[in-house]
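Student: Listed below are the residues making up each chain.
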Amino acid sequence: MVLEIVVMIKQVPDSQEVVIDPVTFTLNRSAARNVINPADENAIEAALRIKDKVGAHITVITMGPPFAESALIDCMSRGVDDAVLVSDRAFAGADTYPTGLTLAACIKKLGKYDIIFAGEESTDSSTGHVGPGVAEFLGTDQASYTSESWYDNGFVYAKRELEDGTEVVKMKPPTLITVLTNANDPRRATLRMKIDATKKGIKTMTLADLGMPPEWVGLKGSPTVVKSMKAIDEKKREGKKFKLEEIPKLVDELIEKKIISI
Amino acid sequence: MVGLINAVPPENLEDFKNVFVFIELRNGELSRPGLEMIGAGLNIARKANEKLVGIIIGDNLEKLADEAGSYGCDIVLGAEGKDLKEFRTMPYSHIIGEFINEFKPNILLIPATRNGRDLASRVAVKSKAGVTADCTELDIDLNGRILLAKRPTYGESTLAEILCRRHRPQMATARPGIFKIPEKEEGRTFQKDIRKMQIPEEMMGKEIIEFIPKKSLDLTAAKIVVSGGLGLSKPQGFAVLESLANEIGGVVGASRPTVDLGWIERDHQVGQTGQSVRPDLYIAAGISGKIQHIMGMKLSKNIISINTDPNAEINQYSDYIINDDLYKAVPALTEEIRRRKEAKK
Ligand SMILES: Cc1cc2nc3c(=O)[nH]c(=O)nc-3n(C[C@H](O)[C@H](O)[C@H](O)COP(=O)(O)OP(=O)(O)OC[C@H]3O[C@@H](n4cnc5c(N)ncnc54)[C@H](O)[C@@H]3O)c2cc1C
Ligand SMILES: Nc1ncnc2c1ncn2[C@@H]1O[C@H](COP(=O)(O)O)[C@@H](O)[C@H]1O
Numbered sequence: 001m002v003l004e005i006v007v008m009i010k011q012v013p014d015s016q017e018v019v020i021d022p023v024t025f026t027l028n029r030s031a032a033r034n035v036i037n038p039a040d041e042n043a044i045e046a047a048l049r050i051k052d053k054v055g056a057h058i059t060v061i062t063m064g065p066p067f068a069e070s071a072l073i074d075c076m077s078r079g080v081d082d083a084v085l086v087s088d089r090a091f092a093g094a095d096t097y098p099t100g101l102t103l104a105a106c107i108k109k110l111g112k113y114d115i116i117f118a119g120e121e122s123t124d125s126s127t128g129h130v131g132p133g134v135a136e137f138l139g140t141d142q143a144s145y146t147s148e149s150w151y152d153n154g155f156v157y158a159k160r161e162l163e164d165g166t167e168v169v170k171m172k173p174p175t176l177i178t179v180l181t182n183a184n185d186p187r188r189a190t191l192r193m194k195i196d197a198t199k200k201g202i203k204t205m206t207l208a209d210l211g212m213p214p215e216w217v218g219l220k221g222s223p224t225v226v227k228s229m230k231a232i233d234e235k236k237r238e239g240k241k242f243k244l245e246e247i248p249k250l251v252d253e254l255i256e257k258k259i260i261s262i
Numbered sequence: 001m002v003g004l005i006n007a008v009p010p011e012n013l014e015d016f017k018n019v020f021v022f023i024e025l026r027n028g029e030l031s032r033p034g035l036e037m038i039g040a041g042l043n044i045a046r047k048a049n050e051k052l053v054g055i056i057i058g059d060n061l062e063k064l065a066d067e068a069g070s071y072g073c074d075i076v077l078g079a080e081g082k083d084l085k086e087f088r089t090m091p092y093s094h095i096i097g098e099f100i101n102e103f104k105p106n107i108l109l110i111p112a113t114r115n116g117r118d119l120a121s122r123v124a125v126k127s128k129a130g131v132t133a134d135c136t137e138l139d140i141d142l143n144g145r146i147l148l149a150k151r152p153t154y155g156e157s158t159l160a161e162i163l164c165r166r167h168r169p170q171m172a173t174a175r176p177g178i179f180k181i182p183e184k185e186e187g188r189t190f191q192k193d194i195r196k197m198q199i200p201e202e203m204m205g206k207e208i209i210e211f212i213p214k215k216s217l218d219l220t221a222a223k224i225v226v227s228g229g230l231g232l233s234k235p236q237g238f239a240v241l242e243s244l245a246n247e248i249g250g251v252v253g254a255s256r257p258t259v260d261l262g263w264i265e266r267d268h269q270v271g272q273t274g275q276s277v278r279p280d281l282y283i284a285a286g287i288s289g290k291i292q293h294i295m296g297m298k299l300s301k302n303i304i305s306i307n308t309d310p311n312a313e314i315n316q317y318s319d320y321i322i323n324d325d326l327y328k329a330v331p332a333l334t335e336e337i338r339r340r341k342e343a344k345k
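Here the protein sequences come in this chain order: A and B.
Heads up, the first sequence is in the numbering used here, so the first residue is 1 and it goes up one at a time.
Heads up, the second sequence is in the numbering used here, so the first residue is 1 and it goes up one at a time.
Simulated from the structure, these hints should not be mistaken for laboratory data.
We treat Cβ as the ideally placed atom computed from N, Cα and C, and that holds for glycine.
Among these hints, one or two may not hold up.
Said to hold, decoys possible - Derived contacts from chain B toward chain A, CB cut-off under 10 Å, selection only:
| hint | residue |
| --- | --- |
| 1 | Glu161 |
| 2 | Arg166 |
| 3 | Asp193 |
| 4 | Ile322 |
| 5 | Lys344 |
Chain A on its own, in the form it takes in the complex:
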């Protein structure tokens, strides 16, 4: 019986390209290219490593607009077997609750799942809530913030990196794992596989396929609302210059202003 792995990925604006508006201090996202959320690339790689070792069938899923297809094709070109785009106008404006619900419903539709991978968080909403939310909807166990994971003899193992140390856990499938940004070195797509992936194509699911009422998902299904956005007041910085020989003067000032104490 082959191990079934699902990886949840999200397309985000490339944070290296987003430009900060000098007046409003908000990001100009429209200027940025869309990329796979960095942590999700590490999640894909974590899944592929399990496939390399013990064999597995991997499905990558995303809830997003139609152009997210390119990200899915990219994943397939790295060795992922199937891809599903969950896309519907009704999903727009979802916060983490309906996003988790929609993804969980999609995973349930796929049938059997042993391990679900997600990134630790996305760079554009950075909550880290979607992964564990999906685990709760499906009633599976979870291991978040992992640097490594493996499958052995019917059990899933993972290393969780916590503030005060590393925790090694053992879980029964099905379970969900969230992967740290930089946990591994993601492989690149090959041209050969890119051609195959494009030929194979992706599957799509709509709200109707998931069989949920429209008011459960998207903006309508979101318990949280953004009331306002304000530029963070930046402290005005003086930028006082000190030469090497003026370091004693700098230290005087630091002590005087109680920034350091001797």
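Fit chain B with the ligands to the known structure of chain A by using the hints.
Tutor: Same frame as chain A, now just chain B with the ligands:
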């Protein structure tokens, strides 16, 4: 498990009362981020004239409950059991879910530590409610007792105010290192409700087979951070920063590429994909000041930049600038501080 169900608002919002905080334990003690939740919760509870309820989960809780009381909880609600000694998502989220059903909190705050975030998203789904992640400001609108949760977004450039008007509890995780721990007051009166719990084996979830502790480096707790970037040009450069950090009473931070190159451990990394710090003093040596680094340190109270490039972006964010070779400036700074200390003796 809630099954596949939408976020359903409760019928009577008036039934939901009081401010609950999850006081995370670490090494069998009340953790700093946990105590900070008491601080964050107290402000709101006092303003709304409601009770502050501290939740603790673990083993041998009597003494810890007393301590939580002395920090300002009106009620300490505990779940105690041998199997609960270590944090595990399944039993912990189950217990908090049960507490929510029984006590109907209006507000629930959880520290945005790794285990706290792990827990919060599950508890939110369990209670069919929303949660605002990683807040840095929390307040209450007395009209409707609505939690006003603010969090930095878009790379710390913008502060978003997020509300959850109709669902209960109103949940938020709060960023460590931001909220003040209240003064301890021995002998305060408070209520204690510690329950012995036996969690059925099948509900325990994962088994923790090993824990490898590390010398915990909490950059967010440091008053002074001395960070180095690629301008160090070699891994040994961090030793120079270490000397300054030791002399000045700080810890060493780093830019991401130095971590990627293996010059220093990842837990030293400051920035978007590292830790966010706001110390009294941040010293950036050989760091150019790319936005992803700036995001993690720009709220520092004072910033010194040491950079050979007079036009380095970091200078725009700096209170003090030393435009010179860090291998000259850092030792000079270290030496000057050492001299002052000697003089004082
Ligand atoms: C998704 C994403 C996330 C990222 N997250 C982070 C993050 O969390 N943290 C982070 O730091 N970066 C992060 N980065 C990387 C970031 O964009 C920059 O590449 C990085 O911060 C640059 O590091 P640096 O300043 O050390 O190196 P450089 O940009 O190479 O700067 C080196 C500086 O040292 C100066 N210098 C050289 N020699 C000396 C000398 N002898 N004395 C004094 N000064 C000298 C130079 O003038 C220069 O300004 C991220 C990038 C991406 C795409
Ligand atoms: N729209 C989405 N489609 C698929 N996966 C998602 C989506 N949003 C979030 N995720 C997954 O959940 C993780 C955490 O995202 P977030 O909660 O937004 O920080 C991401 O790294 C993805 O693995």
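Student: Compare the structure with each hint and give your call.
Tutor: Hints, one by one, checked against the model:
At a threshold of 10 Å, the smallest CB-CB gap from Glu161/B to chain A is about 4 Å, leaving the interface hint in force. A distance limit of 10 Å between C-beta atoms decides the matter here; for Arg166/B the minimum to chain A is near 7 Å, and the interface restraint holds. For Asp193/B, the interface hint is violated, since its Cβ never comes within 10 Å of a Cβ in chain A; the closest pair sits about 26 Å apart. Interface restraint check for Ile322/B: the shortest CB-CB distance to chain A comes to about 5 Å, inside 10 Å, so the restraint holds.
Against a cut-off of 10 Å between C-beta atoms, the interface hint on Lys344/B holds, since the closest Cβ of chain A lies about 6 Å away.
Of the numbered hints given earlier, the model fails hint 3 alone.
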